[in-house]
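Undergrad: From first to last, the protein sequence lines stand for chains A and B. At position 845 of the first sequence (counting the first as 1) the number is 845 in the UniProt record's numbering, and the numbers step up by one without a gap. At position 772 of the second sequence (counting the first as 1) the number is 772 in the UniProt record's numbering, and the numbers step up by one without a gap.
Incorrect hints may have been included.
Far from chain A, by Cβ distances over 10 Å, these chain B residues were calculated [to be verified]:
hint : residue
1    : E114
2    : K121
3    : F181
4    : L218
5    : P275
6    : G342
7    : A370
8    : S614
9    : G648
10   : K777
11   : M786
List time: in silico DSS-like cross-link candidates among lysine-lysine, alpha-carbon distance up to 27 Å [as the list claims (entries may be wrong)]:
hint : chain 1 : residue 1 : chain 2 : residue 2
12   : A       : K641      : B       : K379
13   : B       : K379      : A       : K632
14   : A       : K663      : A       : K562
15   : A       : K641      : A       : K617
16   : B       : K469      : A       : K562
17   : B       : K663      : A       : K772
18   : A       : K632      : B       : K617
19   : B       : K641      : A       : K772
20   : B       : K632      : A       : K769
By construction, these hints were calculated from the structure, which means they are not laboratory data. Don't be surprised by glycine CBs; every beta carbon is placed ideally from N, CA and C.
There are 2 protein chains.
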Amino acid sequence: MAKYVYSFNEGSKDMRGLLGGKGANLAEMTSIGLPVPFGFTVTTEACTRYYEDGETIDSEIEEEIFGKLKELEDVTGKKFGDLQTPLLVSVRSGSPFSMPGMMDTVLNLGMNDETAEAMIKLTGDESFVMDSYKRFIQMFADVVKGVDKKKFDIEAEKTNDLKQIIVNYKEIYKQETGEEFPQNPQTQLMEAVRAVFRSWNNERAVLYRKLNDIPDNLGTAVNVQAMVFGNMGDDSCTGVAFTRNPASGKRELFGEFLINAQGEDVVAGIRTPQPISEMKENFPDVYSEFERIAALLERHYTDVQDMEFTVEKNKLYMLQTRNAKRTAQAAVKIAVDMEQEGLIDKETAVMRIDPSQIDQLLHHRFDEEALKSAKPMAKGLPASPGAACGAVYFDAASAEAAFDRGEKVVLVRQETSPEDLAGMVAAEGIMTSRGGMTSHAAVVARGMGKCCVAGCSEVIVDEIAKSMKSGDIIIGEGDYISIDGNTGNVYPGRIATVAPEMSGDFAKVMTWADEIRTMKVRTNADNPRDAKQAVEFGAEGIGLCRTEHMFFDEDRISDMRKMILASDREEREKALAKLLPYQKEDFKGIFEVMEDRPVNIRLLDPPLHEFLPSTEKEINDLAQQMGISPEKLRDKVTELKEFNPMLGHRGCRLAVTYPEIAKMQTEAIITAAMEVKEEKNIDIEPEIMIPLVGIDRELAFVRATVEETISEIFKKTGKEIGYQIGTMIEIPRAALTADEIAEEAEFFSFGTNDLTQMTFGFSRDDTGKILKEYTDKNILKNDPFMSIDTTGVGKLMEMAIELGKKTRPNIKLGICGEHGGEPASVEYCYRIGLNYVSCSPYRVPIARLAAAQAVIRDKNPQQWQDR
Amino acid sequence: MAKYVYSFNEGSKDMRGLLGGKGANLAEMTSIGLPVPFGFTVTTEACTRYYEDGETIDSEIEEEIFGKLKELEDVTGKKFGDLQTPLLVSVRSGSPFSMPGMMDTVLNLGMNDETAEAMIKLTGDESFVMDSYKRFIQMFADVVKGVDKKKFDIEAEKTNDLKQIIVNYKEIYKQETGEEFPQNPQTQLMEAVRAVFRSWNNERAVLYRKLNDIPDNLGTAVNVQAMVFGNMGDDSCTGVAFTRNPASGKRELFGEFLINAQGEDVVAGIRTPQPISEMKENFPDVYSEFERIAALLERHYTDVQDMEFTVEKNKLYMLQTRNAKRTAQAAVKIAVDMEQEGLIDKETAVMRIDPSQIDQLLHHRFDEEALKSAKPMAKGLPASPGAACGAVYFDAASAEAAFDRGEKVVLVRQETSPEDLAGMVAAEGIMTSRGGMTSHAAVVARGMGKCCVAGCSEVIVDEIAKSMKSGDIIIGEGDYISIDGNTGNVYPGRIATVAPEMSGDFAKVMTWADEIRTMKVRTNADNPRDAKQAVEFGAEGIGLCRTEHMFFDEDRISDMRKMILASDREEREKALAKLLPYQKEDFKGIFEVMEDRPVNIRLLDPPLHEFLPSTEKEINDLAQQMGISPEKLRDKVTELKEFNPMLGHRGCRLAVTYPEIAKMQTEAIITAAMEVKEEKNIDIEPEIMIPLVGIDRELAFVRATVEETISEIFKKTGKEIGYQIGTMIEIPRAALTADEIAEEAEFFSFGTNDLTQMTFGFSRDDTGKILKEYTDKNILKNDPFMSIDTTGVGKLMEMAIELGKKTRPNIKLGICGEHGGEPASVEYCYRIGLNYVSCSPYRVPIARLAAAQAVIRDKNPQQWQDR
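Kindly produce the complete structure, drawing on both the sequences and the hints.
TA: Written out as structure tokens, the structure is:
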């Protein structure tokens with residue numbers, strides 16, 4: 001017969017699947033000789049059997065439990081229901097994965113009216129015993145029978161007579177459950193075990209598993225352990241401690257304890273615990289033993305441990321140990337320290353850092369003390385990390401002016417557009433009331449490394465009246481707000497911020513990551529400043545250089561507009577000829593910074609109306625300024641207006657309609673590369689990227705335009721340079737027909753923002769609210785604009801890769817959507833075989849780390865399955 | 001050795017692939033003993049060899065050609081270059097598929113200075129001989145050497161001296177080609193054969209093949225045939241004739257001839273030919289022989305023949321026969337007549353009608369005579385077939401008022417919206433300056449069977465000034481225009497129209513089609529009127545009943561708006577309760593018309609802002625009317641505004657946010673069905689369709705809402721009816737994850753409009769101009785909104801079917817996009833295994849016919865490959 005119950009001395013930490021996390025660690029501590037109260041674990045397989053057997057516990061398993069109980073009684077010398085040496089136990093669930101929502105803990109199980117009486121006689125401490133019994137009834141009722149704890153608390157306040165309280169508690173139990181409180185400890189035990197098994201399938205647990213892709217058939221284990229008491233007087237205590245400081249990473253015992261208390265008191269927060277260091281005074285011997293055990297556990301687990309312990313009458317008992325959660329700073333310091341200490345190797349050190357956390361290290365953050373007293377007025381989307389505090393301005397010009405006066409500025413808009421760029425540059429942070437995680441504000445802010453809270457729909461922004469409002473709070477121009485791009489919180493008034501420190505440890509870990517990873521990390525950068533920042537962060541090339549932002553500078557927007565307003569090709573070419581030198585200088589600047597690193601430049605992508613004003617007043621002003629009739633301008637604006645600009649006349653469709661734009665851009669790219677090669681002796685091989693392709697012949701058409709232009713330049717100059725032409729895969733049809741598209745493309749770059757928009761039919765500018773609702777209602781696990789939807793969007797990506805390689809086995813594959821800097825997405829990109837990811841400069845370190853972790857996890861998925 | 005040249009008596013009509021269409025028919029006519037001038041065909045394989053051999057004709061093939069030439073000389077008793085009996089031949093290309101852009105015909109080949117002289121002596125007819133020689137030089141120069149024909153025509157006008165003209169012609173030939181005009185007939189022949197081979201790969205031919213999926217390696221044949229002369233005097237003539245009238249289908253010889261002329265003169269139109277019936281007088285014997293041959297050919301080919309013939313000195317020669325093109329009316333009459341005559345079976349009769357043509361039969365069309373003198377002022381998209389003539393009105397209210405006054409009206413708008421419905425109902429036809437083939441105007445007009453020209457961007461429509469303008473032509477309110485929904489032409493002024501006749505023959509063919517087809521044909525209908533019309537056209541159910549149009553009636557739009565403006569759920573439910581009875585009556589009306597036919601009802605789909613006004617004035621008016629503050633209304637309008645409404649808060653997303661809307665609609669559907677069942681004793685099993693699903697859990701969420709509502713009704717009434725719940729597949733992700741979606745869906749209905757929009761990233765409202773450019777530039781072969789893009793969109797559909805059936809083998813599959821009425825798409829739907837197509841009422845007959853043809857073609861694709 002299979003074995004369904006293990007004593008603590010029969011298991012080990014590697015039996016997590018069978019014994020659950022808690023049980024495996026209790027067994028491990030027991031096996032290495034630590035003072036763990038004895039007990040046993042009913043396995044997860046018993047739980048599975050329970051469900052297979054129609055939610056009953058097989059009699060053979062019940063017998064096995066009672067057999068182990070007997071062993072427990074023998075080891076402890078105590079006995080269930082015995083009046084001389086009554087055995088009390090704790091019953092705790094413990095699944096292979098930490099799983100909120102399941103039944104947690106029943107303490108003091110084994111007590112009944114008789115044992116309580118006996119214990120009073122034995123200890124002479126009525127208050128301790130009655131307190132324990134009372135707790136037991138309440139916990140049992142709560143976790144086994146689902147009776148609200150509060151029902152008992154109200155009763156407790158009515159009298160001081162401890163015995164009467166017990167009577168009342170049992171009465172409430174009977175009222176609520178229709179049954180007498182069970183007096184038989186065996187019955188109590190089996191009820192508790194069944195309750196743990198049942199809790200595996202309660203609604204919250206099922207949902208949690210569904211959301212976290214945990215199989216339903218794993219089951220939970222049940223840990224039954226002899227009770228020890230931290231509440232037996234001043235020579236007893238209970239506490240939690242870390243082997244190193246989980247906030248700073250400093251190598252020191254860190255934690256707190258509470259004298260004369262049980263574990264739940266520490267959590268409840270009724271009494272204030274003391275720092276662990278003070279234990280030295282109260283329990284000098286115990287403390288030094290604990291120090292020894294902590295060091296031993298850390299060495300044994302080769303990671304910082306988060307421990308629970310109890311001291312009963314000056315004797316130390318270990319109740320739990322597990323790997324500790326930690327801040328980003330601590331994670332980096334601990335990983336590097338432990339590698340230096342020879343405790344772990346570099347790969348393990350790299351795996352110890354959560355890439356999504358390290359963003360914290362690269363940005364300003366709020367001072368923790370100052371934050372404690374702050375109350376948010378609203379919450380938006382955490383669109384770009386960091387914290388910012390400044391005076392509010394509602395338009396770019398005012399923001400710029402304030403910046404010039406030396407003010408710290410937060411730019412607040414309903415939604416930003418390329419025309420707000422100067423204001424965004426001037427601002428410490430940006431807040432918008434509309435738009436999602438990939439709205440203009442979010443994307444640009446991330447690119448600049450500036451804090452941004454987007455889509456904060458609770459706030460009504462009135463750009464004309466220059467005010468923002470949420471509930472009763474009204475903020476006017478010049479008033480201060482503070483925004484947190486990590487949480488999405490918006491606070492009225494000022495909160496102090498702290499600057500980032502890039503410690504030497506951080507640099508060390510990143511170097512290790514670079515040694516491990518095989519996938520390249522590039523950056524999305526449109527100007528030399530961003531490119532330089534990204535190279536400092538370790539970028540190995542540019543994966544996406546957008547050319548549209550370049551046209552918004554004051555000295556060129558006018559020529560851009562003339563180009564758009566041109567009534568024929570000749571006029572358009574004249575305007576383009578004026579833009580050409582600007583574009584060439586843009587690219588030269590970038591090439592100079594990037595040196596011999598690859599640079600991928602995307603041809604003009606946005607619809608042309610983005611370069612024209614939209615309101616009547618702006619149109620009139622611009623018309624006057626340009627010396628044309630407002631009517632002509634208005635006609636053009638109307639002509640270019642689109643119902644769904646996302647799906648309109650943009651991307652390569654512009655190059656099909658106006659090949660002369662693509663020609664000008666190609667000329668700028670190629671001549672810039674040639675000149676920099678000449679001037680700096682750097683070999684540059686630009687990648688020219690044609691966006692929004694959905695049809696093979698569409699790409700062929702634009703490719704022909706680009707190639708013609710290039711060969712004309714080569715002919716004219718008598719010189720040649722290398723170049724590549726490729727496309728974005730951002731339209732579903734491009735992925736579906738990637739074999740055809742690859743005929744004309746030397747590289748694919750996945751534009752997962754647009755690909756996600758079109759695959760889901762979600763406009764990123766409009767669906768902030770919907771996506772929140774969808775994640776709230778568990779329709780979606782993640783915002784697909786943040787982490788690649790591997791089921792749907794991923795299927796298209798994998799299809800595109802397979803088809804593309806069929807046509808062109810060596811096709812270069814990258815990603816330049818925002819997902820390129822999100823850890824899970826980066827790992828996915830590695831798994832499906834991309835050559836590089838590209839992300840905004842501030843995400844480059846995250847991507848480097850995630851790419852290294854992908855390699856390590858891929859080598860041994862079993863070892864690293866618990867993210 | 002392979003055989004590369006066939007004499008006419010060696011081939012047959014089944015050798016189309018080897019001999020080309022023309023050659024195969026010449027051989028066939030020869031083999032059944034008709035008077036065909038003798039000749040031979042150089043095969044398509046010789047053409048393939050030509051390319052394989054580096055564009056040279058292998059000497060063995062050349063020898064074979066000269067061998068057959070010898071045979072030709074023997075049969076005709078004439079000889080190349082002979083001064084007594086000079087042989088002249090025609091050289092014509094002929095590929096397996098009719099292919100414009102290829103080299104066509106050289107006549108009189110074999111002439112040179114000497115033979116010309118000799119022929120003058122032989123015939124005594126200098127003018128005939130010199131005319132022939134002149135034509136030969138000109139044609140040879142044109143088709144063999146690419147010299148512009150006009151170069152010669154100018155010369156021809158300079159003198160009347162025939163001999164001098166020849167001298168001049170040869171001089172021009174030399175100037176243009178740098179060579180003397182070749183005098184050796186063998187040289188002439190081989191040059192012509194090579195020219196035909198070369199023309200297979202000229203740019204236009206390659207493009208044509210690419211666009212029509214004709215393999216490049218087929219090659220073209222070359223037909224060499226002894227010349228006969230219709231220009232040898234008044235006892236000679238040439239002509240073309242049909243075995244039946246190709247316009248009316250009447251069984252009568254129909255055609256025209258020209259006395260003393262060569263074939264090209266008929267085409268050139270310099271002289272006016274006489275009706276064929278008059279041949280009886282001029283050539284009584286020849287005519288009766290021709291009648292006999294025509295009848296024989298029709299029987300032989302079992303189809304109406306389009307024949308070319310020449311009479312040389314009272315002797316009849318057949319030069320070509322092929323199946324005739326015909327009008328829709330003729331096609332129907334001929335198919336039915338031939339079936340009655342026992343010439344063809346019903347399947348063949350059904351295949352003889354082009355489904356895309358029969359639309360003509362169901363709508364008004366312009367009087368052909370009246371149309372001849374009309375000149376279009378602009379051309380838009382042929383969005384809904386038919387012709388309309390009426391006074392122009394620029395808003396719905398004026399259109400309605402004019403209609404009430406008894407005027408015929410054409411509604412002209414920049415773009416229509418649901419608020420224009422009443423105006424569209426009142427109008428004969430609709431013209432818009434914006435929007436594509438699936439814009440609101442187009443879709444609604446097709447649904448109503450009204451003529452519509454959409455996206456006519458050449459016309460500037462000023463709705464405020466009430467005028468439309470194109471070039472110099474300005475049309476004001478009340479002025480007449482005429483629009484042609486079959487061509488997209490817009491004409492100023494009035495053109496008479498002709499009403500449709502649904503003849504008995506038409507009904508007969510449709511019955512045959514119904515007997516053959518296996519795929520069901522449903523209709524898209526939102527009201528009893530359309531449903532009734534569709535049933536008359538043969539619809540077997542409703543595949544899409546949109547519920548949104550129902551809310552625009554004056555008596556309910558106000559409650560709809562109250563629902564939208566509700567500040568909480570309670571208020572919303574109150575407004576919904578008022579809408580419930582209206583909805584129920586809508587559905588009852590439809591159920592009553594449809595009786596026991598299946599009815600598929602889609603829950604509310606469009607974004608809510610479509611129900612609110614957008615301009616400041618409209619907002620103020622409505623606010624006053626509703627008794628609310630304009631500010632509140634404006635705030636809501638602003639809140640609901642979306643950047644890309646197509647990808648916004650609509651479809652099932654509405655039902656997720658406001659389950660109470662889905663509840664109300666479900667209640668209306670189910671109680672309506674129950675009441676009609678009760679009242680009429682009809683068993684109704686409604687299909688409830690949840691739109692815009694992209695995520696399995698999204699569908700599960702809404703499905704739960706719908707099912708809860710239904711079980712409440714069943715509980716309350718104590719009665720039950722059958723129903724099905726399913727979804728549209730219109731979001732790429734739904735297709736990609738159809739296995740997951742099918743868990744919750746009993747049917748899939750492909751919404752190919754939206755699926756095409758998102759797969760291509762084309763907003764149908766914005767891309768009319770782009771798509772025109774794309775088809776003009778041959779980037780796209782067809783507008784994918786008209787005919788399903790089987791490569792990309794189709795791949796998603798096939799994937800969805802495969803995945804869906806994996807989960808639910810019996811899942812019901814349909815299509816409700818506009819493609820459901822387009823013949824090629826209908827055939828595609830049959831091939832991929834859909835159970836039904838659904839289309840607007842006026843397209844139902846087309847779909848029925850196309851569905852039947854799909855079955856027939858599928859049984860024997862080889863036989864019916866030439867569409």
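Undergrad: Check each numbered hint against the structure and report the violated ones by number, ascending.
TA: Structure breaks hints 9, 10.
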